[in-house]
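Please take these sequences and the hints and turn them into a complete structure.
Here is what each chain is made of, one letter per residue.
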Amino acid sequence: MKKFVNDPKNFVPEMLKGIALANPKTLKYIPEYNLIMRADIPISNKVSIMQGSGSGHEPAHVMAVGRGMLDAACPGNVFAAPPADFVYQTTKLVASPKGVLHLLNNYTGDTMSFNMGREMAEAEGIEVRTVTINDDVAVKDSTWTIGRRGVAGNFFVMKATGAAAERGASLEELEALGNRVVAVTRTMGMALTGCTPPAKGTPIFTLAEDEMEMGIGIHGEPGRKRVKMAPANEIVDELLEAVASDIPYKAGDEVALMINGMGGTPISELYLLYGYAHEQVEKRGMKIKRNYIGEYCTSLEMAGFSLTLVKLDPELEDLLAAPAEIAIRVF
Amino acid sequence: MKKFVNDPKNFVPEMLKGIALANPKTLKYIPEYNLIMRADIPISNKVSIMQGSGSGHEPAHVMAVGRGMLDAACPGNVFAAPPADFVYQTTKLVASPKGVLHLLNNYTGDTMSFNMGREMAEAEGIEVRTVTINDDVAVKDSTWTIGRRGVAGNFFVMKATGAAAERGASLEELEALGNRVVAVTRTMGMALTGCTPPAKGTPIFTLAEDEMEMGIGIHGEPGRKRVKMAPANEIVDELLEAVASDIPYKAGDEVALMINGMGGTPISELYLLYGYAHEQVEKRGMKIKRNYIGEYCTSLEMAGFSLTLVKLDPELEDLLAAPAEIAIRVF
Amino acid sequence: MSKDVEYVVRLIANTVFENEQYFSELDGVVGDGDFGYSIARGFEKVINEWDTIDHSLPGNTLKGVSMKIVGAVGGVSGTVWGTAFLRAGITLGTKTEITQQDVIAMFRSAIEGIKKRGNTDLGDKTLLDALVPAVDQLEKSFNDGKDASTALDEAAVVCRQAAEATRPMLAKRGRAAYTGERSIGTLDAGAVAMAVLFEAVSKAWKE
Amino acid sequence: MSKDVEYVVRLIANTVFENEQYFSELDGVVGDGDFGYSIARGFEKVINEWDTIDHSLPGNTLKGVSMKIVGAVGGVSGTVWGTAFLRAGITLGTKTEITQQDVIAMFRSAIEGIKKRGNTDLGDKTLLDALVPAVDQLEKSFNDGKDASTALDEAAVVCRQAAEATRPMLAKRGRAAYTGERSIGTLDAGAVAMAVLFEAVSKAWKE
Ligand SMILES: Nc1ncnc2c1ncn2[C@@H]1O[C@H](COP(=O)(O)OP(=O)(O)O)[C@@H](O)[C@H]1O
Ligand SMILES: Nc1ncnc2c1ncn2[C@@H]1O[C@H](COP(=O)(O)OP(=O)(O)O)[C@@H](O)[C@H]1O
Ligand SMILES: [Mg+2]
Ligand SMILES: [Mg+2]
Ligand SMILES: [Mg+2]
Ligand SMILES: [Mg+2]
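Protein chains in written order, with this note's numbering: chain A, 12 to 342; chain B, 12 to 342; chain C, 992 to 1198; chain D, 992 to 1198.
Note that these hints are calculated values from the structure, not bench results. It should be emphasised that the depicted structure is a prediction, and the values quoted were computed from it without experimental measurement. Note that CB positions come from ideal geometry on N, CA and C, so glycine has one too. Each hint should be verified, as a subset may be incorrect.
Stated by the list, open to error - Listing some non-contacts, in silico: residues in chain C with all C-beta distances to chain A over 12 Å:
1) N1005
2) D1025
3) I1081
4) K1086
5) R1099
6) S1100
7) Q1152
What the hints assert, rightly or not - Here are the in silico distance ranges between beta carbons for each label pair:
8) A:T213 x D:A1195: 32 to 42 Å
9) D:Q1012 x A:K294: 34 to 44 Å
10) A:T37 x B:N190: 30 to 40 Å
To be verified - Here are the simulated DSSO-like pairs of lysine-lysine, each with C-alpha atoms no more than 27 Å apart in a straight line:
11) A:K322 x B:K109
12) D:K1131 x D:K1106
13) B:K28 x A:K294
Printed below as a string of structure tokens:
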């Protein structure tokens, strides 16, 4: 395992310590409950928004805490949902009179922790609503699975609800807004390589030198199929077709386009992919109003990317463009 | 080779196309000379600043073009200096009456291209000054090499001179400022894995599963030594000692601390490294006024990182904090 | 009696610690490879903070174990195992003696809790597919008048067989469910863990 | 006479194309693995845009070749090879016939240009360490009255030996220089390229 790690068990806490030391004025790290929160919350006239999920997807979600986005993130261990007690404790810490919005990627484990944590918080009179994010088109809905996974599209839910909360939206309004964003957001990802959770020490899966996996999940869950490596443009074509035919998006739509790196793919390649994806989206008659190229929701050091389309309306576009102050910044 | 690439020969142009499509209002891509430039330059009362180097170090330098940083970047192929003619053409395109500042990472190839390009531009009456960046402490100065390499510390030179140019500094002032930043900036990097230039198709070098290379260059040039893998904290200790003992920095200094990812290392690990580095820098009695955690100057998909210290003064700190509008952004 | 509960909890904990890597590997085949790690961290907290748990009654010990697990492990394993211990503790209530009937009642209540929390049932390829047959056997052996050691032995054998029988199943819960058809032919990690634990308890009971 | 120049330039270009991968691999041992790729792109531009070059004089052809290289290849190779062709073209001036003396003068002038542009000299483990001995031999063979074919043959042999002799040298220029001691024991890519090119020209001359 070639990683920067001391004790694998301390991987997440040591990362959180780094986040806190890098943002001493704006963020707080509460080691006891493994959480990162804004230093200035709860704010009495603002709904608090929190998200938790397994670690290993950074910057999601611990580096997306700050004014205009999340008020707190309670991560679990790498690829493991946060403990229910931590969901509960975080909810208590951020609870404002206007309530708490839980953002949740749609996985069994996360859902179970958040449900249990929410029940515990509600038992103490805290008002909680939940938005479940399930933008991944790779896994088809079925009667017996929990349904589509939440992947990189979670960025747009965090950003839009975060901006709206800052402007005073109520808990009900934020819940509706979150669901509205989910309804217009679709993603599909793929991988060239596996990744190694620090505590496991060996890759979750491996792909042959000439193989790639289409429709991969952000925990290395197998996707739609393993196929032979293909030129970049063909990969974009396939992901875009899967995504764009899903809602479906149609000519004339205004959209945001995201090329999200999975962690091990250099930004040069992401821009190369973006260039072609941009042309193809416009060729379908859509108008790209905002673009996102970089790492938003990763799988440790996995090489690969996901493509996300969001159908915009003027309100949503405005919320996405609003300022935010989060750990991830360039200068 | 597991990369997102169509024709390896078009890797750089396709990436540049992506940058331009993602920033249609602010940036221009001139395919003929392989360059990215601000759409609004030259500005007659502002010195223009440009940098060129091999590609493969993104976001340096093509994604650092924008108001407050570079006016243009003329990249070469992956890990290859730009053609002298392109340096010349770029210089002509950005030339303002106040002159052109060349920023240059100290490598034989880059220096030769920039020298030849500068001579060609000066022959046409364009005033050019050059700041040579050589922050890498891994390679000791010697009488016969070109001297220390320019690595991730180039970010601080771009940022400071870019901000000062925006404020109206003269070419002479910018040259002096650039050299002043170089004088207080030191970096050392290391790698866990090699990387594969698209046109080469195979890794430049390989490291065994239990091996790492200390003092690596950003083109995979061998560093000080190959040693057995060590815990993250020990690696930070070694890089920090090499860097901090070089100027040397001393207790009481105000500094900026950068943990720069080499391309394949996830941001979670970079924050883990930062947390410990922060503590150790403060233990040495320095005060960290600004921090930078992420990818600033990479080597394709190499796993590894570099640590940079910059000794700050109030003017420099202010220039580093000034706004800039570049391709790399989060939302 | 709290001593017996303590003994079993510690035995479970130690068995989990010994099998951490193995359990994770099983989960890694079609899941996300965190099962062993997760559950080991849960029992680590249980053991490390043993003295902060209220041990005034066996039922309180079990509830305390639940809270430690729910405070250390997230997702499926944390909530499922936490719910199981919580339900068992609630079922035991203020009793100070634990009869064979109590043991079965605790297991039944834990199983119901897991089904509700996990929105799952038999046949979904989860630990229930090993746990339920094992408890059925345990109850049958008790009813047949077998002694504790023999009953545990028989339950352990059934548990192992039932765990092996998850192989042809299609995973319908947890992260393994995303693999769809590919999950067929692999063992369910949670089910194997049940077998390993039943075997450990049965072996220890003999000694 | 421009035909001869064209013939040699095209021969060099084709030889470079054939050896692109090989040259890059040589550069990859202690350098950055771009040498073959770089120089091939340079000659690609030369060949693709051949008709845009002013071929009114052999010297102009050489200067045009230089500008194409300098417009396609960066760094050491672009400026060094560009400077070499530029200097050769300037030295030839308006001559329309190229004598043996002219050939030597062109080489000498190119070598001086490379030394200046590269801030380098013999012994730094660069292409000069193969080129200079080869040109010395070529001059000697010419002076000894050998015909072109024999002289080229002898120069090629010396060039190959000299390229091999870069192995024990310490690289003092280019990216290979950063390897320090590790560059000892490896061939210099540029020097080997000189040998390959001299051999190609000498072979072609015989046919
Ligand atoms: N919904 C569920 N209810 C009960 N048990 C489940 C459920 N989903 C999975 N399991 C069990 O949990 C095990 C996986 O645990 P773990 O790896 O911690 O969860 P996750 O699938 O979230 O990674 C599976 O092997 C299975 O036995
Ligand atoms: N300063 C220099 N002057 C002349 N030739 C040089 C110099 N440095 C390197 N070379 C030659 O150029 C070759 C490397 O070319 P190339 O790989 O294109 O350059 P770089 O070292 O910048 O990657 C070396 O093998 C050597 O023969
Ligand atoms: Mg899990
Ligand atoms: Mg990366
Ligand atoms: Mg799992
Ligand atoms: Mg080279």
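Verification of the supplied hints:
With a least beta-carbon separation of about 18 Å from chain A, N1005 of chain C lies farther than 12 Å from that chain, consistent with its non-interface assignment. Not every Cβ of chain A is farther than 12 Å from the Cβ of D1025 of chain C; the closest lies at roughly 5 Å, contradicting the non-interface assignment. Against the 12 Å criterion, I1081 of chain C stays outside the reach of chain A, whose nearest CB is about 15 Å from its own CB. For K1086 of chain C, the requirement that its beta carbon stay farther than 12 Å from each beta carbon of chain A is met, with the minimum near 26 Å.
At the 12 Å boundary, the C-beta of R1099 of chain C stays outside the reach of chain A, the nearest C-beta of that chain being 21 Å off. No beta-carbon of chain A comes within 12 Å of the beta-carbon of S1100 of chain C; the shortest separation is about 17 Å. With a least beta-carbon separation of about 25 Å from chain A, Q1152 of chain C lies farther than 12 Å from that chain, consistent with its non-interface assignment. With their beta carbons about 55 Å apart, T213 of chain A and A1195 of chain D fall outside the hinted range of 32 to 42 Å.
In this structure, Q1012 of chain D and K294 of chain A meet the distance hint of 34 to 44 Å, their C-beta atoms being roughly 36 Å apart. For the pair T37 of chain A and N190 of chain B, the beta carbons lie near 34 Å from each other, so the given range of 30 to 40 Å is met. A hinted pair counts as satisfied when its Cα atoms are at most 27 Å apart, and K322 of chain A with K109 of chain B does not qualify at roughly 45 Å. A threshold of 27 Å between alpha carbons decides the hint, and for K1131 of chain D with K1106 of chain D the separation of about 22 Å falls inside it, so the pair holds.
For the hint linking K28 of chain B to K294 of chain A, the alpha-carbon distance of about 16 Å falls within 27 Å, and the restraint holds.
Checked against the numbered hints given earlier, the structure breaks hints 2, 8 and 11 and satisfies all the rest.
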